[in-house]
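Colleague: Listed below, chain by chain, are the residues.
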Amino acid sequence: MIKINNLTKKFGAHVSLDNISCEFRKNEAIALMGANGAGKTTLIRAILGYYHPNAGSVSINGLDPIKQRVEVLKEISFVPQLPPPIKLNIEELIQYISISTDVDKEKIIHYSNEMKLDLKSNMGKSFFKLSGGMKQKLLIAISLAKKSSIIIYDEPTANLDPKARDDFYRLLKQNEEEKVLLFVTHRLEEVKDLVNRQIYMDLGKVVSDDKI
Amino acid sequence: MKNLYLIAYLDLKESLRAKWFVVYSLVFGGLIALFFIAGVTESQVMGFSGLSRLLLMYIQITIVILPIFILITTVRSISGDRDNHILEYMLSFPISLKQYYWGKIIGRFITVYLPVLFAMLIAIAYGAFKGADIPWNIFFLYTGLLFAMSSAFLGIAFFISSFVKSSEVALGIAFFVWIFLLAFIDIALISLMMQNRFNEEFIIFIAMINPMEIFRVAAISLFDPELTVMGPVAYYILDSMSQMVFVLVSIAYPVFIGLLFAFMGYKIFEKKDLV
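Chains A and B are the protein sequences, given in the same order.
When we follow this note's numbering, the leftmost residue of the first sequence carries the number 380, and every step to the right adds one.
When we follow this note's numbering, the leftmost residue of the second sequence carries the number -13, and every step to the right adds one.
Any given hint might turn out to be false.
Said to hold, decoys possible - Examples of chain B residues lying across from chain A (beta carbon under 8 Å, computed):
#  : residue
1  : Asn(-11)
2  : Glu0
3  : Asn70
4  : His71
5  : Ser82
6  : Lys84
7  : Ala169
8  : Arg183
9  : Asp259
10 : Leu260
Honestly, the hints are just simulated from the structure, not real lab data.
C-beta: ideal position from N, C-alpha, C; glycine also.
Start from the sequences and build out the full structure, keeping to the hints where you can.
Modeller: Structure (structure tokens):
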């Protein structure tokens, strides 16, 4: 599903991804690990089509995420490490997502309820005024409601309390079939029940790639 | 197309709630209110009186403040979203870059143009209520000129926003562009003219490709078709084209500049790393 071929990305003189090649297939749940600055987020952003590589290529189901971004992004759900300070209210944010991505609003509400987030009473509130945990819960609910074949989470539980983390992993377990799940994480023990592959990156290279 | 309208609609809604928009609307609405309170319509200066005089004053002030308002509020639209990772999340949905960029421009154009237009409409409505003669020709010319100037500076702002990574730098560049077009370019041209280094036609040509300058001269031309207040410079302009053609150019040219810069900004946005 995701094929990364000799991918190199530089920012000035700094090499963030150094000739990386790997493949992520259906039914794989991967923990992407490594120290800060190892290139994990750069790799994710390259998969999402945000970066123009200096060399190599990324292909998602045979499509280029830069040239065919709309088709590619229909298949990807993404939750960033820190929820961005979006000024739209929740109603508008859901409108943006449901119109652009064809996601049913009721499904977002359903998954929010599963994450113990009362969305209906907060619809008029600006997204950035929600607490860190509420924002993260909403982004997770959106990612699950989207029903994508690729789910990318960049440290998704950073703002969640233990109970919310359990809800998140339970929902993920129910929704992981026939998908590629890619976690950026520093805590393998948290996702060890979910993942079946572990990739360790350092200085822009893949230093280990093991099946669990 | 639905995504283009969606982005424009949401940007418009977000802007209408923003504090800067409240200040922006109050400034232009307040100006008109202040003119009425100050009795500008009852005074007569250089033959201008009533609503004509009010609109003349309004346009003179607008020349100065509209560009900087548009620049500082718009220049951060993409660079700011990039800065605080909003772009990273919002563009993870299947929206083309074309729809996102042009949707933002449409939304922002409506936001910056409407208060300026409404302020003039309020003036016209209040003037009519007071029984004043309504100078429709001036109103329509100014509507066109403000549309053109808003387009020009919106395009320039989006151009800056597309290549600058930090919103602080974007603000700095925006401020420089404004002060350069407002004053520096004139000071430089006056000094060149005094030194006789270049011929006058060339210097006047440089002055007139400045969208603020062409706006200023076009605004004068409706009251003073011969541009007598400008002295001999008027000959250079009106010998090249009729007053009507000059007014049309003064509307078409800034719109073209705005579209050109917006398009260049889009090309940069498309070709550069998004975050």
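Colleague: Regarding the hint that B/Ser82 lies at the interface with chain A, is the smallest CB-CB distance below 8 Å?
Modeller: holds (5 Å)
Colleague: Let me know if the C-beta of B/His71 comes in closer than 8 Å to any C-beta of chain A, holds or violated.
Modeller: Holds - the Cβ of B/His71 comes within 8 Å of chain A, reaching about 4 Å at its closest.
Colleague: Taking the least C-beta to C-beta distance, is B/Glu0 closer than 8 Å to chain A?
Modeller: Since the shortest Cβ distance to chain A is 5 Å, the answer is holds.
Colleague: Just to be careful: measuring from the Cβ of B/Asp259 to every Cβ in chain A, is the smallest value less than 8 Å?
Modeller: Status holds, d = 5 Å.
Colleague: At a threshold of 8 Å, is the proposed contact between B/Ala169 and chain A supported by beta-carbon distances?
Modeller: violated (34 Å)
Colleague: Return the status of the interface hint for B/Arg183: holds when the least beta-carbon distance to chain A is below 8 Å, violated otherwise.
Modeller: Interface hint status for B/Arg183: violated (41 Å vs cutoff 8 Å).
Colleague: Are B/Leu260 and chain A close enough, Cβ to Cβ, to be under 8 Å, as the hint says?
Modeller: holds (4 Å)
Colleague: For the hint on B/Asn70, does the least C-beta distance to chain A fall short of 8 Å?
Modeller: This interface hint holds because 5 Å falls under the 8 Å limit.
Colleague: Under 8 Å, Cβ to Cβ, is where B/Asn(-11) needs to be relative to chain A, so tell me if that hint holds or is violated.
Modeller: holds (5 Å)
Colleague: Would the stated hint for B/Lys84 survive a check requiring a Cβ distance to chain A of less than 8 Å?
Modeller: Since chain A brings no Cβ nearer than about 10 Å to B/Lys84, farther than 8 Å, the hint is violated.
In this structure, the earlier hints numbered 6, 7 and 8 are contradicted, and the remaining ones agree with it.
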